[in-house]
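Chemist: Residues per chain, in single letters:
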Amino acid sequence: MATRTVTYDLATPGLERGGRPGRTPLAATAEPAMDTDHMLVNIGPQHPATHGVLRLVVELDGEVVVRVVPHVGYLHSGFEKLGEYRTYNQIVPLTDRNDYLAAMSNNVALAQAAEKLMGITITDRCRELRVIACEMSRILSHLVWAGTTGIDIGAFTVFLWLFHERERLYNLIEAWTGARLTTSLTRVGGLMADVPDGWTDELRRWCGRFPKVLDEVETLLSKNGIWLGRNVDVGAISAEDAINWSLSGPMIRASGVPYDVRKDWPYLGYETYDFDVPVGEHGDCYDRYLVRMEEMRQSVRILLQALDRLPEGPINVSDPKVILPPKDRAMADMEAMIFHFKQVMEGVPAPAGEAYQAIEGPRGELGYYFVSDGTAKPVRWRIRPPAFINLAAISKMSQGHLLSDLIAINASVDIVMGEVDR
Amino acid sequence: MTAVNASVTALQDRFGAAVRRSEVSCGDTIVYVDPARVHDVLAFLKDDPAQRYDYLADVTAVEYRDRERPLEVVYQLWSLARKVPLRVKAELPKDQPLEVATATDLWQGANWLEREVWDMFGIRFTGHPDLRRILMWETYSEGHPLRKDFPLRGRFSRSEQVRQALTDDLEAHYSMEELSLTDAAPYLPEKVRQDLAKGQGG
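Taken in sequence, the protein lines are chains A and B.
Note that my numbering has the first sequence beginning at 537, numbered continuously upward.
Note that my numbering has the second sequence beginning at -19, numbered continuously upward.
Isolated chain A, as found in the complex (with noise of 0.2 Å):
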């Protein structure tokens, strides 16, 4: 392994020249070339910085990586194996547990791929809640990459401002759902539970003040000298490459690829939306920062716009045979009765064929795929998870930088082990 220049400024670098901020050397001294052998470290599963049950064994030249082998499945739960031995809406659940940190991404995108495969049309304002419920999860996974990376890079006061604000809206979560991680929020042909009274009124609130929280994290952290020298060229992976390896979400669109699925392939309406898709241009942690700051911003917009649209009506289809009667009337009325029995004891059959339904979660490209027989039970249940392709491309990333700068590309690549492992 050749040597390495070794940069770094204490000071705000490269503002003087205007546009994008850059590291400007202080001395550009190179390190010794050490014709030592190379040594193993070994990362994980338990530490901090890995964000969870990721192990990392890393090849080192000095101080420089040469090659990292990522081991995972410590959290391998087999929920795909699970939902071949549950009905659709018993799946949801485990949808929960798969992206913990944006768990009603996930209860939507079953419900989706659940609905394309029996050809169910939800009620208008089912479409609008669930696309609040996406934007949300969005927002809450982010604020989490941004305090933990926050933290990995040495900057916490981050974490303690956009915890702040993550409270808040997971005190509109359990309002909503009674649950705050494990939402359960969606039913095949809707949802579980409408809104509590006033609800709406309280997000809009949230909406108006969060913006003013981004705007200060953005002041502490992207024009600070630390920060950009943790981050800017460091990680970077060009477009070509970044679809070539399979990226998606804020990982493919910090390349240049302008690849979002609410705009390509879009679900629930999104196509009706005014939003704008940040874009990156070097691929690198800064780039990757900055397209998920603009998200949350862009997220936010959405929202606005679904509560303003939010239609009055119900939240379920009128189907007897896809959504359960409610219980008074299953207790009192003969024809209910037989409906929730058959829904509880059989489960909703589901026609032979099968469904690849993709959203936009916070981490990419978050697909479901069911197959089925024609049982209420489906054949296959598999995941396309986003957190797990991005993972893989972290060897690539992180060749011929430092230890430490392994650190911060984890961080930006934005993990969950939970869906990782599955």
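Hints should not be assumed to be uniformly reliable.
What the hints assert, rightly or not - In silico DMTMM-like cross-links for lysine to aspartate or glutamate, where the CA-CA straight-line distance does not exceed 20 Å:
1) B:26 - B:8
2) A:913 - B:46
3) A:799 - B:8
4) B:74 - A:830
5) B:26 - A:800
6) B:128 - A:830
7) A:617 - B:46
8) A:748 - A:830
Because the hints were derived from the structure by calculation, they are not lab data.
From a predicted model like this one, the values you see are computed outputs, not experimental measurements.
Given chain A, put chain B in place with the hints provided.
Modeler: Just chain B, lined up with the frame of chain A:
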């Protein structure tokens, strides 16, 4: 039901009988191809200027409850330029070796996805550079969990699973590639070492 994707006709013209049939399910077009030609088909779909399926969204496999039906390897393709999806399937009969050529030379993203299919279904991807188990550990000996003949709670009894976990050698969880660095290989069980040396995965 929407119309069949035009790529199906192009594939039939180009590959003839190797394209076995196509169908539309829930609006998505599915093409069934000869497993021996699946790599050629994928390369054509990726590189042909009229197709340009440049994004490999997913690789997975399906086994049906009907034991007679073959296993299917499923490729979800997406064209970033044309914004068109296509699903390519290769059927692998169970009485023949479960093998299909790797797509890692076309898409690096296939690497982990194919490892997962190998791990979960026991389908071997020939030419894969690093076909090891990925979600289960390398010394896992109960089989391939997503196969229909694999019981939900595993093949071994709870006590046997606990016994194996307690007597497990943690050093064995390094791959051969990593261990070759430090010559720490003696920790690894002999069978696993041999398998890994042959590039066969655990």
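Chemist: State for each hint whether it applies.
Modeler: Hints versus structure:
Simply put, residue 26 of chain B and residue 8 of chain B have alpha-carbon atoms about 18 Å apart, close enough for the 20 Å limit, and the pair holds. A threshold of 20 Å between alpha carbons decides the hint, and for residue 913 of chain A with residue 46 of chain B the separation of about 14 Å falls inside it, so the pair holds. Simply put, residue 799 of chain A and residue 8 of chain B have alpha-carbon atoms about 18 Å apart, close enough for the 20 Å limit, and the pair holds. A C-alpha spacing of about 50 Å is found between residue 74 of chain B and residue 830 of chain A, which places the hinted pair above 20 Å, so the restraint is violated.
Proximity of residue 26 of chain B to residue 800 of chain A is assessed by CA-CA distance (about 19 Å); at most 20 Å being required, the pair is judged to hold. In summary, the hint linking residue 128 of chain B to residue 830 of chain A is not supported, as the alpha carbons are separated by about 45 Å, beyond the 20 Å threshold. Of the pairs offered as hints, the one joining residue 617 of chain A and residue 46 of chain B holds, with about 17 Å between alpha carbons and a cut-off of 20 Å not exceeded. The straight-line distance between the Cα atoms of residue 748 of chain A and residue 830 of chain A is roughly 13 Å, inside the 20 Å bound, and the hint therefore holds.
In summary, the numbered hints that this structure violates are 4, 6.
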